[in-house]
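Peer 1: If you count the sequence shown from 1, position 51 lands on 126 in this note's numbering, and the numbers rise without skipping.
By construction, these hints were calculated from the structure, which means they are not laboratory data. If you're wondering where the values come from, they're calculated on a predicted model, not measured in any experiment. A virtual CB, placed ideally from N, CA and C, is assigned to each residue, including glycine. Among the clues, some could well be false.
[Claimed, not checked] Derived DEER-like restraints, expressed as beta-carbon distance ranges: (1) 224 x 246: 46 to 54 Å; (2) 122 x 284: 20 to 28 Å; (3) 244 x 78: 21 to 29 Å.
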Amino acid sequence: MNQKIANWGVFLLLSLTWGSSFILMKIGLESFSPYQVASLRLVAAGLALLPFLPKSLKETPVRKLPIIILSGILGNGLPAFLFCLAETKIDSSLAGILNSLTPLMALLTGFLFFKSPIKKAQLTGVGVGLIGVVLLFANKGIATNDYWYYGLLVVAATISYGSNISLVHHHLKGYGSLQLGSIAMFFNGLFTLPILLFTDFFPQFTTDHAPWRSLAAGLVLGVMGTGVAAVLFYLLIRRAGAMFASMVTYALPIVAMGWGLLAHESINSMQVACMLLILFGVYLVNRAKNA
């Protein structure tokens with residue numbers, strides 16, 4: 076009983092951590108450019124996992140490093156920029172809802188790029204999820220919102236996430252999440268650090284109105300939403316299994332919508348219905364996969 080309670084505690088903490096990422100990005104964007112917020116997130120995550128880097132590099136074959144770096148770009152680097160760019164024009168709650176497409180995209184990219192088998196029942200789930208996305212875009216007012224297409228950047232991010240899941244499944248089995256994460260985030264931070272060094276990021280803190288609120292949001296986003304979240308996810312898989320850990324997918328949009336309501340973002344019953352339709356599609360895919 077105590078272990079079950081502990082597992083649910085980790086689950087709730089992980090859901091809150093990841094689900095809060097979308098509102099933290101929005102706060103970071105109050106003062107920084109989307110490129111600076113994404114870079115700050117990746118650099119902070121790399122620093123948070125830096126203590127684990129030496130051991131991870133020592134235990135990793137050199138031939139696997141390019142694949143791990145690519146995994147980091149697909150799983151963290153590229154999505155970080157796509158989400159920040161998207162949230163310059165769309166609500167954080169909408170970004171959180173669209174993020175629930177990730178499992179569906181993992182199925183499709185696995186089939187397209189790695190020839191993974193796919194069942195007809197899984198295709199039904201994909202279809203249901205995509206219908207939910209189309210309705211969600213229609214509800215946000217394609218005809219009235221000049222920037223509705225920024226939501227497609229989030230869809231692109233979920234494709235990147237899905238591609239990374241397939242890549243890890245086929246080429247990085249046997250490596251721990253902490254091991255992969257510390258290496259991947261180190262290189263992500265290394266690649267994006269110049270954005271902070273050669274823009275107006277640091278000079279902003281020499282003024283009387285330094286953006287400490289946005290800085291704090293970016294640091295929490297990187298350390299907790301990326302670094303610590305990766306460790307919690309690995310811990311949850313080890314303690315409770317992959318199926319239980321995958322249920323986080325269902326919790327993230329709910330947390331994101333909760334933060335959206337607190338931030339006075341516009342959320343209506345149709346958006347909630349679309350979210351439930353997308354999650355139902357994810358459920359159908361998972362049920363067919365384990366049938």
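Peer 1: Indicate, hint by hint, whether the structure satisfies it.
Peer 2: Hints and how they fare:
The hint said 46 to 54 Å for the Cβ distance between residue 224 and residue 246, and at roughly 33 Å that hint is violated. Between residue 122 and residue 284 the Cβ separation comes to about 26 Å, which falls inside the hinted range of 20 to 28 Å. Between residue 244 and residue 78 the beta carbon distance is about 27 Å. The supplied range of 21 to 29 Å therefore holds.
Going down the numbered hints, you'll see the structure goes against just number 1.
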